[in-house]
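Asks: Those protein sequence lines, which keep their order, are chains A and B.
So the first sequence is numbered by my numbering: it starts at 1 and just counts up by one.
So the second sequence is numbered by my numbering: it starts at 1001 and just counts up by one.
Don't take each hint at face value.
Unchecked claim - To be clear about the criterion: a stretch of chain B counts as covered by chain A if any three or more of its residues have a C-beta under 8 Å from a C-beta of chain A, and this derived list gives those stretches:
| # | segment |
| --- | --- |
| 1 | 1047 to 1057 |
| 2 | 1080 to 1090 |
| 3 | 1093 to 1106 |
| 4 | 1112 to 1126 |
What the hints assert, rightly or not - Taking lysine-lysine pairs in the DSSO-like style, the calculated list, with each CA pair at most 30 Å apart, reads:
| # | chain 1 | residue 1 | chain 2 | residue 2 |
| --- | --- | --- | --- | --- |
| 5 | A | K263 | B | K1335 |
| 6 | A | K285 | B | K1154 |
| 7 | B | K1268 | B | K1239 |
| 8 | A | K268 | A | K175 |
| 9 | A | K268 | B | K1268 |
| 10 | A | K142 | A | K324 |
| 11 | A | K4 | B | K1224 |
Hints were generated in silico from the structure; no laboratory data involved.
Glycine residues also receive a C-beta, built at the ideal position from the N, C-alpha and C atoms.
There are 2 protein chains.
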Amino acid sequence: MSKKTTIYDIAKKLNITAATVSRALNNNPKIGAKTCKLVLETAAQMNYKPNKFALALQGGKTGNVGVIIPRIDMNFFSSIIRGIEEELQPKGYQVIICQTREDEKREIENINTLLNAQVDGILMSFSKFTEENEPIIKSIIKKNVPLLFFDRKKYIENVSSITINDFEGGYIATKHLIDEGCTRIAHLSGDPSVDIYESRLEGYKQALLDSGIPFDENYVIQTKSNIEAGALATEKLLKLPNPPDAIFSASDFAALGAIQELKAQGIKIPDDFCVVGFGNELFTKYMEPSLSSIDQFPLEMGKMTANVFLEQINNTENFKIEKKVVLNPELHIRKSSSRQSIR
Amino acid sequence: MSKKTTIYDIAKKLNITAATVSRALNNNPKIGAKTCKLVLETAAQMNYKPNKFALALQGGKTGNVGVIIPRIDMNFFSSIIRGIEEELQPKGYQVIICQTREDEKREIENINTLLNAQVDGILMSFSKFTEENEPIIKSIIKKNVPLLFFDRKKYIENVSSITINDFEGGYIATKHLIDEGCTRIAHLSGDPSVDIYESRLEGYKQALLDSGIPFDENYVIQTKSNIEAGALATEKLLKLPNPPDAIFSASDFAALGAIQELKAQGIKIPDDFCVVGFGNELFTKYMEPSLSSIDQFPLEMGKMTANVFLEQINNTENFKIEKKVVLNPELHIRKSSSRQSIR
DNA sequence: CTGTTAGCGCCTTCAT
DNA sequence: ATGAAGGCGCTAACAG
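Kindly generate the complete structure, drawing on both the sequences and the hints.
Replies: This is the structure we're talking about:
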């Protein structure tokens, strides 16, 4: 296990030239069938592994794909990464992780780093579309580097995206609360300029509309995705002249804060108040009461993203593939919104 | 933004040769101060970025480091990755993730892949040391590829490791339970051939010894790190003729199972029974009752691992650095073992 | 101090 | 169907 074997080594052994070996290895049509077979065999026998760097140097493929996410220590994103890695690794790709830490500057830096590293593709969940990052996104496309969006999308020509149906998620969460008998349903929303939150809000509105419940804008509060913000928002809601009897939160963390506040005020869940979150974080299952939540299937999202990327890479047609995959979310009903027992 | 600028481009512009440019860029001592400065300036101005692949091709550094972990979708590991990435990225390294999925064969595959990718270093938390993976570990060392262990260690010459003091963790968890007035403390342990579980058990024993509480081997049950196993083990413990009044679990998940079982049997926590877990998983804080647990500081562990790696890489001495970093764990006391209220 | 040359491993014309 | 030669971007050895 001293030196790596090169095509020259195997050429020497077979008394042929490296070019021939190269051709045989690449299934070049004009090559003798026996020669080809012979080369393949001895290559395997000598444990030949192509040198990625020599390939990359000539402008070929590097076998690396870059994945850009806000933070890896969130279950949602790490599950996506897991899915991506599990699909791509068997195909010989390595996954390079970049975190933006919610910083748009770092997002641009990361893209530049990845482009400079000549990755074969960039899979990303960007923080937000702004005028700042628009040009760099365009430059990825111009360089013909396959680009895919997951989780968060924006319509850009020739860019595929893998997302969940956030509208549907908002709809079924709200519908479920209505079905449980709630009539004054509040919504903890997120940054309205991020389309996933916008869609969840729309789904919420549509569900109300379909059930003939009037939409009350006082019931919608924009909050950060954390516990404190959720608790604070809930406090506000409870002070309303006609306080709500349920909350659909676009974030599990905010929902957790809501539940803490409700418990602190001695409000019975789910008897007097129901809560549904979004994300199906691990803790939703184990908290007390357990929190109903919308599952976004991050593992599947990751696998799907990887597969669409592979399709795109292997596309030999002379037109671009543009695929918009939308996964269906699923509601997990738990104690926080489960009134069967008292009906 | 058409073509990447090479050292030839900047050489041409300055009417010097590429070699000179290369030297200037690498702070080669024998170079004219003005020439050097000039090169550096125009390089920056032309937005020159060295080509990693050309460097790697000559046997130089690739700027990639491989990280091998069981699974990325566990908070403990993804936090470590976060720490590693945050330290290494600013230094120009890219992090390549490999998951073993608890499969020792894949562990070997991953190492081979990384070696073949000529990574500048391998940072790993291996599943277990066996006769099978011993040779490949040795081969990493032979190839002079910097190797570091985190989380799980084994003494190998010249291999640095970053771990937490599991003995201490076991000790303080148990000591805390004793201080809360528990006298019959059981322990849910893990695979005894994995040294971290062994150490936690030893810490547990030592704490009992130091407090004059006899060790009862019936109180130690080996369980998998999941909820069902924890519940099952607890069921067994409660059936003992002299059942315990506390559990120190080497896993948060098993501890969660224990609490579920205790609650199911109507046993009051912490009044009649205390529980302490290990890992400080996110859910421990939010479950009911919240679970006391040992924090392993995964983020710091990751950062530390990255920094020891950097030290090692930049080591110009002619001797190997071997660093064994041991982080101190910390107990987070929560409701499941907090009897202040009733004292 | 700086220019010249060769080569890392591979592929790709151009010949043969 | 195969061999010979050049080059991807860079560095290192050898000259000057």
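Asks: Now tell me if each hint is right for this structure.
Replies: Verification of the supplied hints:
Given as covered by chain A, the segment 1047 to 1057 of chain B passes the check, having 7 residues with a CB less than 8 Å from a CB of that chain where 3 are the minimum. Counting residues of the segment 1080 to 1090 of chain B whose beta-carbon sits less than 8 Å from any beta-carbon of chain A gives 5, enough to reach three: the coverage restraint holds. Requiring three or more residues with a Cβ within less than 8 Å of a Cβ of chain A, the coverage given for the segment 1093 to 1106 of chain B holds, as 7 such residues are present. Under a criterion of three residues with beta carbons nearer than 8 Å to beta carbons of chain A, the stated coverage of the segment 1112 to 1126 of chain B is upheld, 4 such residues being counted.
A C-alpha spacing of about 16 Å is found between K263 (chain A) and K1335 (chain B), which places the hinted pair at or below 30 Å, so the restraint holds. Between K285 (chain A) and K1154 (chain B) the alpha-carbon distance is near 36 Å, which puts this suggested pair outside the 30 Å criterion. For the proposed pair K1268 (chain B) and K1239 (chain B), the alpha carbon gap of about 17 Å is at most 30 Å, so the pair holds. Between K268 (chain A) and K175 (chain A) the alpha-carbon distance is near 21 Å, which keeps this suggested pair within the 30 Å criterion.
Taking the CA atoms of K268 (chain A) and K1268 (chain B), the gap is about 21 Å. The hint holds against a cut of 30 Å. A C-alpha spacing of about 20 Å is found between K142 (chain A) and K324 (chain A), which places the hinted pair at or below 30 Å, so the restraint holds. The suggested pairing of K4 (chain A) with K1224 (chain B) is violated, with an alpha-carbon distance near 41 Å, which exceeds 30 Å.
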